[in-house]
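Enquirer: The chain contents come next:
Number of protein chains: 6
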Amino acid sequence: MPWQDRPIGSNDVIWRYTKNPIIQRDAIPVSNSVFNSAVVPFNNGFAGVFRCDNKAVQMNIFAGFSKNGIDWEINHDPIIMEEGNTKMIDSDYKYDPRVTFIEDRYWITWCNGYYGPTIGIAYTFDFKEFFQCENAFLPFNRNGVLFPKKINNKYAMLSRPSDNGHTPFGDIFISYSPDMKYWGEHRNVMQATPFEDSAWQCTKIGAGSVPFLTEEGWLMFYHGVINTCNGFRYAMGAAILDKDNPDIVKYRTKPYLLTPSVSYEQVGDVPNVIFPCATIQDIEQDKVAIYYGAADTVVALAFGRISEIIKFTKENTL
Amino acid sequence: MPWQDRPIGSNDVIWRYTKNPIIQRDAIPVSNSVFNSAVVPFNNGFAGVFRCDNKAVQMNIFAGFSKNGIDWEINHDPIIMEEGNTKMIDSDYKYDPRVTFIEDRYWITWCNGYYGPTIGIAYTFDFKEFFQCENAFLPFNRNGVLFPKKINNKYAMLSRPSDNGHTPFGDIFISYSPDMKYWGEHRNVMQATPFEDSAWQCTKIGAGSVPFLTEEGWLMFYHGVINTCNGFRYAMGAAILDKDNPDIVKYRTKPYLLTPSVSYEQVGDVPNVIFPCATIQDIEQDKVAIYYGAADTVVALAFGRISEIIKFTKENTL
Amino acid sequence: MPWQDRPIGSNDVIWRYTKNPIIQRDAIPVSNSVFNSAVVPFNNGFAGVFRCDNKAVQMNIFAGFSKNGIDWEINHDPIIMEEGNTKMIDSDYKYDPRVTFIEDRYWITWCNGYYGPTIGIAYTFDFKEFFQCENAFLPFNRNGVLFPKKINNKYAMLSRPSDNGHTPFGDIFISYSPDMKYWGEHRNVMQATPFEDSAWQCTKIGAGSVPFLTEEGWLMFYHGVINTCNGFRYAMGAAILDKDNPDIVKYRTKPYLLTPSVSYEQVGDVPNVIFPCATIQDIEQDKVAIYYGAADTVVALAFGRISEIIKFTKENTL
Amino acid sequence: MPWQDRPIGSNDVIWRYTKNPIIQRDAIPVSNSVFNSAVVPFNNGFAGVFRCDNKAVQMNIFAGFSKNGIDWEINHDPIIMEEGNTKMIDSDYKYDPRVTFIEDRYWITWCNGYYGPTIGIAYTFDFKEFFQCENAFLPFNRNGVLFPKKINNKYAMLSRPSDNGHTPFGDIFISYSPDMKYWGEHRNVMQATPFEDSAWQCTKIGAGSVPFLTEEGWLMFYHGVINTCNGFRYAMGAAILDKDNPDIVKYRTKPYLLTPSVSYEQVGDVPNVIFPCATIQDIEQDKVAIYYGAADTVVALAFGRISEIIKFTKENTL
Amino acid sequence: MPWQDRPIGSNDVIWRYTKNPIIQRDAIPVSNSVFNSAVVPFNNGFAGVFRCDNKAVQMNIFAGFSKNGIDWEINHDPIIMEEGNTKMIDSDYKYDPRVTFIEDRYWITWCNGYYGPTIGIAYTFDFKEFFQCENAFLPFNRNGVLFPKKINNKYAMLSRPSDNGHTPFGDIFISYSPDMKYWGEHRNVMQATPFEDSAWQCTKIGAGSVPFLTEEGWLMFYHGVINTCNGFRYAMGAAILDKDNPDIVKYRTKPYLLTPSVSYEQVGDVPNVIFPCATIQDIEQDKVAIYYGAADTVVALAFGRISEIIKFTKENTL
Amino acid sequence: MPWQDRPIGSNDVIWRYTKNPIIQRDAIPVSNSVFNSAVVPFNNGFAGVFRCDNKAVQMNIFAGFSKNGIDWEINHDPIIMEEGNTKMIDSDYKYDPRVTFIEDRYWITWCNGYYGPTIGIAYTFDFKEFFQCENAFLPFNRNGVLFPKKINNKYAMLSRPSDNGHTPFGDIFISYSPDMKYWGEHRNVMQATPFEDSAWQCTKIGAGSVPFLTEEGWLMFYHGVINTCNGFRYAMGAAILDKDNPDIVKYRTKPYLLTPSVSYEQVGDVPNVIFPCATIQDIEQDKVAIYYGAADTVVALAFGRISEIIKFTKENTL
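Chains as they are written, first to last, in our numbering: chain P, 1 to 318; chain X, 1 to 318; chain E, 1 to 318; chain L, 1 to 318; chain R, 1 to 318; chain A, 1 to 318.
Please note that a few of the clues may not be correct.
You can't tell identical chains apart in this list, so a pair holds if it fits in one copy or across any two.
30 angstroms max Cα-Cα, derived BS3-like pairs, lysine-lysine [stated by the list, open to error]:
| id | residue 1 | residue 2 |
| --- | --- | --- |
| 1 | K181 | K154 |
| 2 | K250 | K87 |
| 3 | K128 | K181 |
| 4 | K287 | K67 |
| 5 | K154 | K87 |
Note that these hints are calculated values from the structure, not bench results.
Chain P with its partners taken away, still in its complex shape:
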C-alpha cells in the first residue's frame, strides 16, 4: 500500500505525502480538475473511481487503475452505466464517488443528479462493466458512503441530507436496506457542532472515507465545514462508530486532523478544501493512507498510524 513515514520532527497524527498532489487537474485530456475520488485494492494493485470535471465543468466519474496507489491511469472516457436493479439510470451529473467492496463486488456510490442531488448506486466486478441501481434516496442528498459489510444482515449507508444549493447546514444520517433497492430505518448519527465547541465543523459535516473496522469500532474520516466571511472552509476529522450499532458515535475528534494549510489545498477552483473520500489501510501494519480532494482541483494523499488515530480520537473526543 502507499506509504511514507512521518516526517522527522513532526508530531502530527496525520501527515501529507511529500509529492502531493498525486493527481493533477489535467490528469486526463478533457479534465478541468480531478478530485474527491475513491480507491480500493483491486487485483494485485488498486482501482478507483475518479471525479473528473471536464472543461465544460460537467461532472462525471471515471474508472482508473494503479499498481502502487500513487501513480494512476484514469480512463479518458467516463463510466457507462448498464441497468442493475433499475431501468432508471438517468444522471444529470455524477460527482464525489466512493467505492466499497461488499461480499462479492465493488459498490459505487456518488452524488447523482436526478431533479437535484441524491445518492446514486452502482456495482462492478471488474471496473469495466458498471451496473446502476435505484437511487438510494429522494433528493436532496450528498456524501453517501456504504459500510463494507452488512450490519444486522442489511446494507448500511451514511449520507448527508441537504438542500438544492450550497447547503449551509447538514448532519450525517445512517440508513439501512435489505436489498440495495429499498431503504429505511433512518437515524441521525452525528450533528454539526455548536460554534463554541468545534468551529471547523459547525456549519455542516459529511461522511468521507468508507469506514473500516478497528478494535474500537468503525473508523471513518469525515469532513467538517465552517462558514467564514470569505466562504466555506473544509477540514478533516475522524469518528469511531459502534461496531454493531453504527448509529452510535463512540468517539469523534473535536480538533480537526487536517486543515487546508499548504498551497494545493488553499488555492484552486474552490480555495481551502480538504475532502476525504477513501482510505487504503493495513491493520496489521498499523497504517492508513487517506485520499482526499484538495481545493476542488486535485487529489492528494496523507498518512497515519491507525492506533495513533484511534488514541487521538479517544483522547480528544467531543
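Given chain P, work out where chains X, E, L, R and A should sit, using these hints.
Expert: For chains X, E, L, R and A alone, coordinates are given in the frame of chain P:
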C-alpha cells in the same frame, strides 16, 4: 357524505360550503388553530386526524369523529403513539396529517419532526390506538400522501422533498415500499411550473388529498404556491395520474380550482392559504367534498362534481 | 367624467369612491383578478387597457369600454398584437398597462416579459387593432409611463429600472426618443427617500398615472413602497415636474396622498397595495379621478380637486 | 382605572375590550397610525406617550391625556426635548415609547434613531416639559423598559439588542445604571425559545409593559415573534422576574396570552401584530389593563385578573 | 503584434504569455490594481484604455501607449472627458473599458456610474482628447462592447443587463443605434447555460473583447461565471456570431478556453478571475493576442491561432 | 523597538518586515492559527496577548513575551481569568485582543462571547494574573479599543456595534466610563464610506491599534472592509482624532495604507485580510511598528515614520 349543491348562478367547478369554516380555531380548549387536517369514512360516520396547534404553537395531531362529516368532535388530547414496526417514535412535532385506508387499516402520514421535517407513518384500526412505524424518508420532506391501494404490489407514496425552512422550491415525487418500512424507486412526478405558464404553482407544489380512482386515473387535489412580494400564496389544483403507473401525469390543471378569496382564507395566522388534505367522495353520485386548511387557522369545506372536475382538468391541462 | 364630491366632514385631499371597488376580481369569466389598469377618454365615453390575470395567474392585458368611466365592459379575450415598428412581438407576459394619447393615437405601455420584465410599447387608434413596437429598453424595467405630448420634439417616458425579482430598490428615470424606436438621454428624476424623511416611499418608487399639464407643471401620481417585516406596502403620492424639462422635480409630496386603509386595499392577493395607473381629469372643473389597483386584486377609484392637490404638494414637498 | 369584566362564557385569562381599538389611526390630524404607546396614572387621570407615525410615515412620540384611560386626547405636535443630562439630543426618529414613574418623575424610554436604533431616555414631571438624557446604549437596540424602582440602588432597564433591520433574532437583557447616564452589568434574562417548545416566541422576544411588583415578583407582559412564510407574527406572553434579582426568570408563559385573532390585530399596516407597551393595574382590586399596539396601526386594550395571570404563568411556565 | 508561439508539448487552443502578468498592480504610482483593460493598434504601435483602481479603490480609466503591445506606459492621471453629444458627463466611477475603432475614431465604452452601473460611451481620435456621449442605457448594465463596424447601417452594442450588486444572473443582449445617442431593437443573444450543460458559464456571462470578423462570422471572447461555495469564478470562452445578423449565435464554446489556474489568476484582490477585454489580431498571420484582467489585480496576455479557435468553437459548440 | 528601514527604492508610507510573518500559525502546539494579536512594552522587553485558535478552532487569548518584539514566546495555555469588578466571567469564546496601559496597569479588551459577541475587559499588572471586569456593552459588538489615558477624567473606548454574524455594515463609536464598569455618552466617530469615495472601507470599519498621541492628535490604525463577489477584503488605514475630544475625526486616510498583496496576506484561513491590532512606537525616533493579523492565520509586522504617516493622512484625508 357532506354535500351542498352548487350555488345558483355559479359556474365554478368547485364551490365553497356556505357555513365555512366548519372547524374554528378554538375548536378544542387548548387549540390556537385547527387546519390542514384529514378525514375518512369510518363506521357509520367519519373519523379524522386533525392538526391542532396549541397556544404555545406546538404542532400535534388529534383524532376526531363526526356523524355527518361537518360537525366534528375532536379529542382534547393528542394522539399517543405505540410501537408499530419501529421502536423509534420520536417526534419533535407532528403536522399536516393525511389518512388513507389500505386493505385492513387506516394509515396516517404526517410531517414528523426528526432532526428536521420528514414523513411519519402510523396505522390504526379504530382511531383509538395508533402504531407508529419507521419514518418513510430522510429529512427534509413534507406532504407525504399514500395511495389507497398497492400499485404493482407495493405501497406507493407521494411526497415533496424540501429544505429545513420555508422552502422556496419543491416538486412532487413518488416512492414505493414492499413493507411500509423500506422505501425506494423514487421518481419525479410533477414539477413546479415556469412562472409564465401557471404562476399560482410556480414556486412549489405539494400533494394534498389522498388520490382516488376514477375512470381516467387517480384524481388528486394538490396545492401550488406563488411567492409574492408579501409572502407565499397557496391555491389548489387537480391532477390525474395514470392508474397503473402513477409516475405519469395524464392531466393537471393549468388554472387553479380554488384560490384564497374569502375572508377566512385571506386573513388568519398565515394569510392567503388554501391547503387541501382530504376528500370524501361518492363516485356513483358524482360528488366530492374537499377538506382544506384555510389561512393556517381553520378547516373549510368545498364541493364539486367529479365528472366536471375530470372534464375541466382534461380541458385545461398544462 | 366620473366624480363624487368630497364626503362631508372629510379634510382629505384625496377621497375614495364610495362604491369601490369599481371592477371586481371576477369581472370577466377567466379572470383571477383585475387591477393596475389604465383608462382614457375615448369617443363619447372611455376606453381602457386592463390587467387581467387569468386563473392560471398568467398576466395579460385586455381592452375595455365604458360610458361613464365607472361601469366597464372588458373584452373576454386579451389584446392581440400586430406588427408596429418591429417584427419582434414576443411577450412572455404583459402587465400593469398605461395608456397615453399623443397627437393622433393611443399609446399603450406595459411591463413586457422578454427575458425578464421590460417596457413594451404599442399603439392603437380604436382599441380594436393594436400595433406592437420595439421594447423601449433592455430588461429589467417596470412602470413605463409616456408623457401625453412630445417634449422638445421627442417622446418622453418615465420608467423604473429594476432587477428580475421583487426589486427592493428603485428610482424613477426619464428617457427620450425621436421615433418611439430608439431611446436615450436617460436621466434620474426622483429617488426613493431616506427612511427618516418619508418612510412610505423609502424602498422604491414608480411612475403611476400619465402626467397631465397644470399651471405648475406636469402633475403625476406615483406609488411608493416601504418594506415592512411582513412585506411591501404600496401607497400613493404626487409629484409635479417642470413643464419644459420634466427631469426637474418641482414639488413632491412628503406625506402620502392615499395609503391602504380600507378592506379592499388591505386584503387580497397581495395585501396593502395602492397602485395608481391612470387619471381622468377636467382642468376647468378642477377635478381628477384616479384609477388604482387595490391589493393586486381589484380596481378602485379616488377623487380630488386638482388645485388642492397642487397646493398640498407644494406645501408638503420633500 | 379602565376596566371591563370578563365576557360571560369566556375562560380566557386575558380578554379584549369590546370597544377596541380605543385609539384609531387618525386620532390626530397628521397621524397615519397610532400604536405601541404607553400610559401611566397622572394627576387625577392618566397621561401617556404615544407613537404617532405621520402621513410621511415619520415616527415620533406625542404626549396625551385622559380622564378614564380609554378616551385620549393626544397633542397634535410631537414632544420637544430639552437638554437633560446631555447636550446630544439628536433623533432621526422616535418610536415605541414606554413610561415609568421612578421616585419623583416620569421616565420615558423609546427606540431612538442615532446611527441606527438605540434606546433614548428622557424625563418629565408634568408631560409638558421633557428632558432628554444620554442614550442608554450603543445601537442597535430596541424595546428598552425601565423598572419602576431602583434595584440594589441602581436603575434597571430591560432591552433587546438587535441589528439594523427587521431583526430575525433577539433576547431580553437587563442592564444597570447608578445615574441614568452610564450603564453596565449587562445580563441575558430571557431567550427566544426553541421552535419545538413554544413557536410563537421562537424568533425573537422583547420587553413590553413596565414590570410591576406582585407577591411572586415583577410581572411583565412581553411580545414574542414567529417568522411565518408570510412574515412575522407578534403575540403576547407574561414573565415573572425575581423581585431582588430580576436577572432571574421565575416563571414565563409557554402558551401566549393573546395572539392576533380579531380584525384590528390581523389587518392593518403590518398584519398580525399584538405589541404590549403599558399596563394600568390595581393590585388590591386584582385588576390589570394592558395597552397594546395592534397591526402597527391602532391602540387596543385588554384586561385580566392579576392573580389569575400569575397562576396561569406559574402553571404553564416554560 | 504581441506574439509567442505555443509552448512545445502543449495542445491547448489558447496559451498564456510566459512573462505574465504584463501589467503589474502598481504600474502607476496611484494604482491599487490595473486590470480589465482594452487595447487597439494605434499609429505605429498600440494605445489602450486601462482600468486603474487607485489606493482609495476608486475606479477610473486611464489612457496608455505601447510600441509592442506588451510594455505599456499608462498615464498617471485619469482620462478627462469633454462634452461629446451630451452635456451630462457625470460619472460616479468608471471601470472595465473597451475600445473599438469605427470608421474614423476610437470609441470607448465602459461601466459608468450614474445612479448605478450603466454603459458610458466616449470617442477619441488621438487618445488625448476624449468626448463623452450619452450613456447607452438606463442602469443597471455592465460589459458594453461595440462592434467595429455598423450592422445594417446602425451601430451595434453587446451588453449585459444586471442589478445593482454582485449580480447572480445575466445574459448578453444586443442593441442598435442610428447615431450613438438613442438605442433600441434590443435582442437577447446568449444566455447563461443550465448547470448541467456547461457549469463554468451557468451563473452569468458577459461580452469580453471587441468582436472581429472571420470567415465564420464575428469572433468574440467572453467571460462566464460559476457561483461556487467560495464565490464567483470567472473563465473565458468564445462565441461566433452571424456576420449580418449578430443576434444569431452560430457557435459557442461549451468548454472554456481559459480558466484560472496559475497564481496571478487564482490569487489577488478577487481570486479566480479571468476577464477578457480586448484582442489584437492578424487574420492573415492567423494570430490573436487576448488581453485579460487576472484576479481583478493585473493584466495578462494569452495567444491563439484564429483558425484553431474557430475550429474548436465549431467542434465544441453548445 | 522592532524596526527595519524602508526598502531602497520604495516610496510607500508603510512597508512590511522582510521576515514576515513573525508568528506562524503553529507557534504553539495546540494552535491552528495565531493572528489579530496585541503587544505592549513590558519590563525591559515586550508582552502581548495573542489570539490563538486551537485545532478545534476554538478562539482564546494567550499571554506571550518577547525581548525584541519580533521573536515571541507564547504561553501554551490560555489566560485564566479571576474576578475583577464582576463575578460574571463567562466567555463562550475570546478573540481579537487589544492591550492598553493606563496609569498603573495593562487593560485587555477583546471580543467576548456572551450570548453573542461583545467587548470583554480585564486588567493585569504582570501578564500572569488577569482580572476580568464587566463586559463594556450589550452584544453585539466587536473591536473594542481603549485610549491609553483618560479623556476628561473618564476612560474612553472605541468599538464597532455589529450583528451576530459576518456583519455587512459597521461604524466606529466612542463610549466613556467613569469606572470601567458603567459606560455611556456613546458617539458615532467614523462611518463606513460611500463606495464611490473610498471603496476599501465602504462595507464596514473597525478600530485597530491603540491610539497614541501625536502633535496632531490621537493616531490610530484601523481596518476597512470591501465586500467583493468573493467575500470580504480587509485593508488598513489611519485616522487622527482630536486630542481633547476624540469624537472628532481630524483626518482620515482616503487611500489605504496597506492592502493584502503578499502571499501570507492573500492566502490562508480567510484570504485577503490585514487586521491591525497594536503598535509599538517611539515618538522621538519617529518610528512606529504595526502588528497585524494576516489572512486570519499569522501575525505580521510593518513599519513607518510617524511624521510621514501624519503628513500622508492630512494630505489624503477623506
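Enquirer: Each hint should be assessed against the structure and marked as holding or not.
Expert: Hint check results:
1. K181 / K154: Answer is both; intra-copy 11 angstroms and inter-copy 13 angstroms each pass.
2. K250 / K87: For K250 and K87, only the inter-copy Cα distance (21 angstroms) is at most 30 angstroms; the intra-copy one is 40 angstroms.
3. K128 / K181: within (22 angstroms within a copy, 34 angstroms between copies)
4. K287 / K67: within (18 angstroms within a copy, 44 angstroms between copies)
5. K154 / K87: both (23 angstroms within a copy, 17 angstroms between copies)
Checked against the numbered hints above, the structure breaks none of them.
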